[in-house]
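Q: Sequence:
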Amino acid sequence: FTNPPNKYVGALIDDWYEELFKKRKYEDWLYLSEKYNISGIIVPSNWNLKLQDKIISKKFTAYIIK
Numbered sequence: 822f823t824n825p826p827n828k829y830v831g832a833l834i835d836d837w838y839e840e841l842f843k844k845r846k847y848e849d850w851l852y853l854s855e856k857y858n859i860s861g862i863i864v865p866s867n868w869n870l871k872l873q874d875k876i877i878s879k880k881f882t883a884y885i886i887k
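Residue 822 is where the sequence shown starts when you use our numbering, and the numbers rise one by one after that.
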């Protein structure tokens, strides 16, 4: 109980999908928005996605998908 394994954490590790997110075009985000019924995405603030509308904080940026 004092040293549980780090399996199944509540977050995704940034390394493998950061570049994938950055490469997506607006049309790709729009398609994913419609397919999965999402209206936005929150990522670390140092990521720059190809989406215009956003809310920025020191640690995170919330992008709105319209």
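Be careful, since some hints might not be right.
To be verified - Derived Cβ-Cβ restraints for the label pairs, each shown as a range:
#1 Thr-823 with Lys-846: 20 to 30 Å
#2 Ala-883 with Tyr-852: 11 to 21 Å
#3 Leu-841 with Ile-885: 40 to 50 Å
#4 Asn-824 with Lys-844: 35 to 45 Å
#5 Leu-851 with Asn-824: 43 to 53 Å
#6 Asn-824 with Leu-853: 14 to 24 Å
As the list claims (entries may be wrong) - No more than 25 Å apart at the CA atoms, straight line, and that leaves these computed lysine-lysine pairs for PhoX-like:
#7 Lys-856 with Lys-875
#8 Lys-887 with Lys-856
#9 Lys-879 with Lys-856
#10 Lys-880 with Lys-843
#11 Lys-843 with Lys-887
#12 Lys-887 with Lys-844
#13 Lys-856 with Lys-844
Source of the hints: derived by calculation from the structure; they are not laboratory data.
Glycine is no exception: its CB is placed at the ideal position from the N, C-alpha and C atoms.
Q: Run every hint past the structure and note whether it holds.
A: To see whether the hints hold, each was checked on the structure:
1. Thr-823 with Lys-846: 20 to 30 Å: At 47 Å between Cβs, range violated.
2. Ala-883 with Tyr-852: 11 to 21 Å: holds (20 Å)
3. Leu-841 with Ile-885: 40 to 50 Å: violated (20 Å)
4. Asn-824 with Lys-844: 35 to 45 Å: Cβ of Asn-824 to Cβ of Lys-844: about 38 Å, so the range 35 to 45 Å holds.
5. Leu-851 with Asn-824: 43 to 53 Å: For Leu-851 and Asn-824 the Cβ distance comes to about 45 Å; the hint holds.
6. Asn-824 with Leu-853: 14 to 24 Å: violated (38 Å)
7. Lys-856 with Lys-875: holds (21 Å)
8. Lys-887 with Lys-856: Since the Cα atoms of Lys-887 and Lys-856 sit roughly 13 Å apart, the hinted pair holds (cutoff 25 Å).
9. Lys-879 with Lys-856: Not OK: Lys-879 and Lys-856 at ~30 Å, beyond 25 Å, violated.
10. Lys-880 with Lys-843: holds (17 Å)
11. Lys-843 with Lys-887: Holds. Lys-843 to Lys-887 sits at ~18 Å (cutoff 25 Å).
12. Lys-887 with Lys-844: holds (18 Å)
13. Lys-856 with Lys-844: holds (19 Å)
Hint violations for this structure: numbers 1, 3, 6 and 9, all remaining hints satisfied.
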